[in-house]
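K.L.:
Those protein sequences? They're chains P and C, same order as listed.
For the first sequence, this note's numbering gives the first residue as 1, with consecutive numbering after it.
For the second sequence, this note's numbering gives the first residue as 1, with consecutive numbering after it.
Be careful, since some hints might not be right.
[Stated by the list, open to error] In silico DMTMM-like links for lysine to aspartate or glutamate, alpha-carbon gap of 20 Å or less:
{"#": "1", "chain 1": "P", "residue 1": "Lys187", "chain 2": "C", "residue 2": "Glu130"}
{"#": "2", "chain 1": "P", "residue 1": "Lys187", "chain 2": "C", "residue 2": "Glu129"}
{"#": "3", "chain 1": "P", "residue 1": "Lys187", "chain 2": "C", "residue 2": "Glu197"}
{"#": "4", "chain 1": "C", "residue 1": "Lys228", "chain 2": "C", "residue 2": "Asp249"}
{"#": "5", "chain 1": "P", "residue 1": "Lys187", "chain 2": "C", "residue 2": "Asp249"}
{"#": "6", "chain 1": "P", "residue 1": "Lys187", "chain 2": "C", "residue 2": "Glu109"}
{"#": "7", "chain 1": "C", "residue 1": "Lys105", "chain 2": "P", "residue 2": "Glu172"}
{"#": "8", "chain 1": "P", "residue 1": "Lys187", "chain 2": "C", "residue 2": "Asp108"}
{"#": "9", "chain 1": "C", "residue 1": "Lys76", "chain 2": "P", "residue 2": "Glu172"}
{"#": "10", "chain 1": "C", "residue 1": "Lys27", "chain 2": "C", "residue 2": "Glu55"}
{"#": "11", "chain 1": "P", "residue 1": "Lys165", "chain 2": "C", "residue 2": "Asp134"}
No lab work stands behind these hints: they were computed from the structure.
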Amino acid sequence: MSYKWAASPYLVWMVIFIVVPIILVCYYSLTVRTDAGFRFSTDNFRRFFEPIYLKVLYRSIELAFVATVVCFILGYPLAYILARSDFKHTNVLIMLLVVPMWMNFLLRTYAWMTILEQNGVLNIVLSWLRLPTISILYTEAAVILGMVYNFLPFMVLPIYSVLSKIDPSVVEAAEDLGANGIIVFRKVIFPLSLPGVISGITMVFMPAVTTFVISRLLGGGQFTLIGNLIEQQFLYVSDWGFGSAISLAMMVLILLSMAVMSKFAGEDRGLGLW
Amino acid sequence: MAECIIELRNVSKDYDGTEALRDINLKIYRNEFVTLLGPSGCGKTTTLRIIGGFEQPTTGEVIFNNTNINHLPPYKRRVNTVFQRYALFPHMNVYENIAFGLRIKKLDEEVIEQKVKNMLKMVNLEGYEERKVDSLSGGQQQRVAIARALVNEPDVLLLDEPLGALDLKLRQDMQLELKHMQQSLGITFVYVTHDQEEALTMSDTIVVMREGRIQQIGTPIDIYNEPKNAFVADFIGESNIVDGIMVRDYLVEFANHRFECVDAGFGENEPVDVVIRPEDIKLVPESEGMLRGEVRSVVFKGVHYEMMVENGEYVWIVHDTLMQPVGSKVGMVITPQDIHIMRKEDQG
Numbered sequence: 001m002s003y004k005w006a007a008s009p010y011l012v013w014m015v016i017f018i019v020v021p022i023i024l025v026c027y028y029s030l031t032v033r034t035d036a037g038f039r040f041s042t043d044n045f046r047r048f049f050e051p052i053y054l055k056v057l058y059r060s061i062e063l064a065f066v067a068t069v070v071c072f073i074l075g076y077p078l079a080y081i082l083a084r085s086d087f088k089h090t091n092v093l094i095m096l097l098v099v100p101m102w103m104n105f106l107l108r109t110y111a112w113m114t115i116l117e118q119n120g121v122l123n124i125v126l127s128w129l130r131l132p133t134i135s136i137l138y139t140e141a142a143v144i145l146g147m148v149y150n151f152l153p154f155m156v157l158p159i160y161s162v163l164s165k166i167d168p169s170v171v172e173a174a175e176d177l178g179a180n181g182i183i184v185f186r187k188v189i190f191p192l193s194l195p196g197v198i199s200g201i202t203m204v205f206m207p208a209v210t211t212f213v214i215s216r217l218l219g220g221g222q223f224t225l226i227g228n229l230i231e232q233q234f235l236y237v238s239d240w241g242f243g244s245a246i247s248l249a250m251m252v253l254i255l256l257s258m259a260v261m262s263k264f265a266g267e268d269r270g271l272g273l274w
Numbered sequence: 001m002a003e004c005i006i007e008l009r010n011v012s013k014d015y016d017g018t019e020a021l022r023d024i025n026l027k028i029y030r031n032e033f034v035t036l037l038g039p040s041g042c043g044k045t046t047t048l049r050i051i052g053g054f055e056q057p058t059t060g061e062v063i064f065n066n067t068n069i070n071h072l073p074p075y076k077r078r079v080n081t082v083f084q085r086y087a088l089f090p091h092m093n094v095y096e097n098i099a100f101g102l103r104i105k106k107l108d109e110e111v112i113e114q115k116v117k118n119m120l121k122m123v124n125l126e127g128y129e130e131r132k133v134d135s136l137s138g139g140q141q142q143r144v145a146i147a148r149a150l151v152n153e154p155d156v157l158l159l160d161e162p163l164g165a166l167d168l169k170l171r172q173d174m175q176l177e178l179k180h181m182q183q184s185l186g187i188t189f190v191y192v193t194h195d196q197e198e199a200l201t202m203s204d205t206i207v208v209m210r211e212g213r214i215q216q217i218g219t220p221i222d223i224y225n226e227p228k229n230a231f232v233a234d235f236i237g238e239s240n241i242v243d244g245i246m247v248r249d250y251l252v253e254f255a256n257h258r259f260e261c262v263d264a265g266f267g268e269n270e271p272v273d274v275v276i277r278p279e280d281i282k283l284v285p286e287s288e289g290m291l292r293g294e295v296r297s298v299v300f301k302g303v304h305y306e307m308m309v310e311n312g313e314y315v316w317i318v319h320d321t322l323m324q325p326v327g328s329k330v331g332m333v334i335t336p337q338d339i340h341i342m343r344k345e346d347q348g
């Protein structure tokens, strides 16, 4: 008995919401609107390689990269502690990590604005402690902070799930063969956690590189990122062709980086969550 | 007397108030093949993990070459372990798995290669260097695990039910191979198993454990022929264990019959456990038997038949190469030296 027909709703869904939009994006990106109607052209892509836009691309990648590195530095030890703790309520800790994600993304980001602003919560506390106040709202630091805050769970969870599945007897075997804590980590635990690290990096880097809300709210619009650029083309400039071209270019970029990553993780391991 | 390499002195272990080991005293000598034998939950694996350094004893001392190593971490002990589920490193090939311990010692690459090659030859896995460990069969993984431990030339090799996951034929082959390796390398083996046959086949010394306590330490022959109590007798091979009364020295009564025996030194009319091996009961025509009974069931076991013979309140297990049909009346003869008398175990 074959139940292949049961997949047909999903197939229809895929066609309507994935295949058709991608075809539309391709169509828009490869045409320009003239008085005579739409005409095939590669102008949109050529325009993307103008220095001003490349600079936006570079800045997006740079900020996303820094945010990913910070997420990794914060997230790996956190995941490690969670995975190895004998604490009976590890699930509670994981809940605490995940609960903020249930709140609206915009709300969380607005909350950071009230914390960071000149007379915000942070500076009130600082001055109360008689420390010099700081103003980082509308700087790159604030944008990175927003990215790290919003995307940290996406780094911690895949690493945690891989770490907690490592067979403890493999760790004991390494100790038994003469490895101290550092060597055990370097030669056994970290290599075995790589699939989680790779998917964590992917899951943080991709949304970070395309975000436009965080950069607008916490960057005060001073830092146009690639996401903002796309948003502008569709909502304000109405240049759907150029917007589509940037979107496609980003898609290719992300696919390429994923391919490189999965190569790096080894052929048969794949990307834990992808 | 041979040199004592590991000694456990009054070792006890509690897990959150539950007692896992109580007052273990054990000496392991150089080049000895010691087996810790017992049912699951008897503390044999815990004992092994204490020797390996993965658990700390709650009280008591672990002595290694006359030095207390209670607080020495596993990576500083001259002891290697073959784990129950092999615990091979899944991200390394066979060669790297075996070379792991040598690389930590920072040996020259040439020396490492030589040693790994020798090991692979010993465990019959030449040509498997580049294979991924998860592409190997259970028996091959087992060999890699043994090679990975032995390549470090430990003073003592700990083996935690290493053959448990293998099928019977492979297990029997590996038993002989392990015994051969132990003898040719001259390494002390401490072997954990719940399989009494495995223990009898390989060991120089068997330590029978139950509920965190040592029941008996002895050679396989001692343990089989002179079990100290009913538990050991029952665990090592099949046994008939019945209640009896020691009438006086060299005379015991059980199953409403008085038997001559070779044991003495019990009190008069002291209740005892009487243990008789199934192969020690001879079936004779009914009129010639000391005990009489009726055959209730017959099972063919290969070399012998296993027959259940009912006599009054007891059902006796009898092993014999000649089959008596179900329902036939038979007599049973037991010679004095085959009657093993044990003191009733103290309760608690």
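K.L.:
Now tell me if each hint is right for this structure.
P.N.:
Hints, one by one, checked against the model:
1. Lys187(P) <-> Glu130(C): Answer holds: Lys187(P) to Glu130(C) is near 18 Å, not above 20 Å.
2. Lys187(P) <-> Glu129(C): holds (19 Å)
3. Lys187(P) <-> Glu197(C): violated (39 Å)
4. Lys228(C) <-> Asp249(C): holds (18 Å)
5. Lys187(P) <-> Asp249(C): violated (67 Å)
6. Lys187(P) <-> Glu109(C): Roughly 17 Å between the alpha carbons, so the hint for Lys187(P) and Glu109(C) holds.
7. Lys105(C) <-> Glu172(P): holds (17 Å)
8. Lys187(P) <-> Asp108(C): holds (18 Å)
9. Lys76(C) <-> Glu172(P): holds (13 Å)
10. Lys27(C) <-> Glu55(C): The hint holds at about 19 Å.
11. Lys165(P) <-> Asp134(C): Holds, because 16 Å separates the two Cα atoms, which is no more than 20 Å.
When held up to the earlier numbered hints, the structure conflicts with 3 and 5 and fits the remainder.
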